[in-house]
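*Asks:* Could you put the whole structure together from the sequences, leaning on the hints where they help?
Given next are the chains, with one letter for each unit.
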Amino acid sequence: MIKLNLFYKSIIFSSLFVIFDGYLIQKLPVWYNVGTFLIIYFFVSKINKYNFINLKEEHSTQVILFDFLTLFGILFFSFVILFPFYMMLVTSFKTQIALLVNPLDFSINFAQGLKELFNSYFVIFKSYNFGKYIITSTIVSVGTVIITLLFAIPAAYAVARLNFFGKTFLSTSILIIYMFPAIVLVIPLYTIFSQLGLRNSIEGLLIVYTATTLPVAIYMLQGYFKSIPKELEEAAILDRLSWFGIITKIIIPLSIPAISSVALYVFMIAWNEFLFSLMFLDNPNSFTLSRAIQYLSGDAETPRQYLMAGSVIVTLPVLFIFVYFEKYLVSGLTAGSVKG
Amino acid sequence: MNDTLANTEKKTAYILTLPAVLLVFAIILFPIFANVWISFKEVELKDIRIPEPRAKKIVKSIAEESSKIKILYKLRNSSLIQEIRDVSFQDNFPKNFEIVNLDPRCDYKNYNLKCEFGNWPAKYRENFQVIFETNDGSKIDKKKLKSIKPKLDGKSDNVLLNTNFTLKNFKKVLFDNEFIDLLLTTFYYTFFGTVGSIIFGILTAQMVNQKFYGRTFMRSVLLFPYVAPVVALAYTWELLLDPNSGTLNSLLINYQIIETPINLLGQKYIEISVLGFDFKLRLALTTVIMFEIWRYFPLAFLFILARLQAIPKELYEAADVDGASPFQKFFKITLPQITAVISILFMIRFIWNFNKFEDVFLLTGGASGTRTLPINVYQQGFAISDIGMGSAVSIVIVVLLLMFMFFYFKLLGKRVDEN
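These protein sequence lines are chains V and C, in that order.
Heads up, the first sequence is in our numbering, so the first residue is 1 and it goes up one at a time.
Heads up, the second sequence is in our numbering, so the first residue is 1001 and it goes up one at a time.
All clues stand as given, with none of them false.
Negatives, chain V to chain C, calculated, CB over 12 Å:
1) ILE25
2) TYR50
3) LYS115
4) LYS132
5) VAL142
6) PRO229
Derived PhoX-like pairs: lysine-lysine, alpha-carbon spacing no greater than 20 Å straight-line:
7) C:LYS1010 - V:LYS167
8) V:LYS327 - C:LYS1211
9) C:LYS1329 - V:LYS49
10) C:LYS1010 - V:LYS230
11) C:LYS1149 - C:LYS1109
12) C:LYS1011 - V:LYS167
13) C:LYS1211 - V:LYS49
14) C:LYS1142 - C:LYS1068
Derived by calculation from the structure, the hints in this document are not laboratory data.
Fair warning: this is a prediction, and the values are worked out from it, not measured in the lab.
Here a beta-carbon is modelled for each residue, glycine too, at the ideal position from N, C-alpha and C.
*Replies:* Given below as structure tokens:
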């Protein structure tokens, strides 16, 4: 006989049960079958744990309840989180009529052909210039990453390694500045930028985004730089390498993982940023994606599937980056790096 | 030798940190001071634009006199409210141009027309006309003539730089009838959002800390709301909660839980009766808080999960030997171990929620009882276009935050001493 692990065994057993059950009582909704499947799966997969000896123990009811709550929690939270994302995607594939006729249709109609399916996407690219907004958003985000790293790497190196007057002050003020609210900066920056003619310009956004992400970047990088063994640099100093040489030839090659995770974070912050782009951009020629979607929604007649198509476009890169580089990113998140 | 080495180290450090420090100073610290300055001034959005003298050059040929040309400058003051002083004007002409009529305010030397127009009041307009003649009778290239742009210069007061201060803005903010309501709304939003996200964070962290299939996947899914762009999420929620064709209302009506759709984001109050007690729930505010909890519990989740994974296993094993139930283990071991993280989280989330602008702005725009202080900054500054008022509100935010931090650290410091 083939040896199956418990996971597959429980899935097979519970599906068989649900198929039988569904055959016998056919009028019940799908939810009922899904629920039965999960309950049975839950108990079967824990069958080793729920043996006679364990069940005799004092707190066995609580143990089962705890396990069951865990399963329920997994289902509940997966649903609560993924459902809005799913609806975003589904809505973007629908037509106006389909949306109004049956709001409870959660399926994607693949039979209507690719051109119909992606109609909303074609429209927002053609009539609402989304191609341009994607380019602007990319330029702003990538630009912010590059400038932030250019400023942050030397500064982080100095904070991590060198002794100078005001070092502790600098490293504590980094954290305080990081906590400081963006809404407080908006009005003075708006006035200063309008007088300097920096509003509605990509340069203006780049400056603000760089300044707001710098404290985080320095904080994360200096933590990593401190973990690099000092002996390497001491050898380099004996070789009469300048600080520029030390940074480019020793520090940067050794901290590629940290630098790339900082880069990804800064990219995500800049890509998602909304407040400053709302304040500084009022000319559609210089809109970023987020601002463009908000502008689109300002017109009450914009069909919602277009709005959702735009939302899918702005969300996909971020989620892709996040899922793909999750390992790097989660440790950084715990360092409190993404402000929100 | 040692001394010089330390000196070079210092110098290098300053060189390395200077660019970053300067940028942060210019964009973050300086605006905070500027905010204080502006908040004591009466400034409106329209005052911000610096008035400029402008001239539009129009070239007209004169009938039957091909060697003569008329040039009309439409002069104006770009500002509707401020005067410009000592306006000077300069324009260059080709090397064969002689002036026919010279305005008394002007001077023509070396084919360069210079004028001093004196002071221009607000909204000032003038049609200034000059006639030229070529001294060799050759034909005039109108396009080339038009392509030379005149230069204008003038001095004007910058409302932002003068020293007229007033307390009017703060009086208006603090003695406004709605100020208490504004504070309460902000407090509800911040407090319940913070507490809710921490509770959900504890639940999910406890959940993911168990062993089950697909645990790493679950961990990334739980972080989705936190990393996705707020614009996309807010509009998706709006779509789900829409009273006319939103998914939630349709579902509830379909299963006959409610009869008429509820406008979750547009209704200020809803009357609920529980056990015979009728009370009014602030509906739109509750929905906005729900969104906030949904979006920010992942941060609490991550922090608490990291802490949970660091709790030594021996503690639980010892509890098992003593025959503790799972709930006892949670309340007696897990919870005391994560209190430190929770108190840090409470502070971080409280501060950030207090300043949260985007979420409320995108969901309700501050309507139906969801106007928080940050929304008020925007509304005063840009909707009513009173920059000074907006600044004053943001100063109120900063002061409240500093007070919160002060009390928080005092309280926390005391508790640390007691332990």
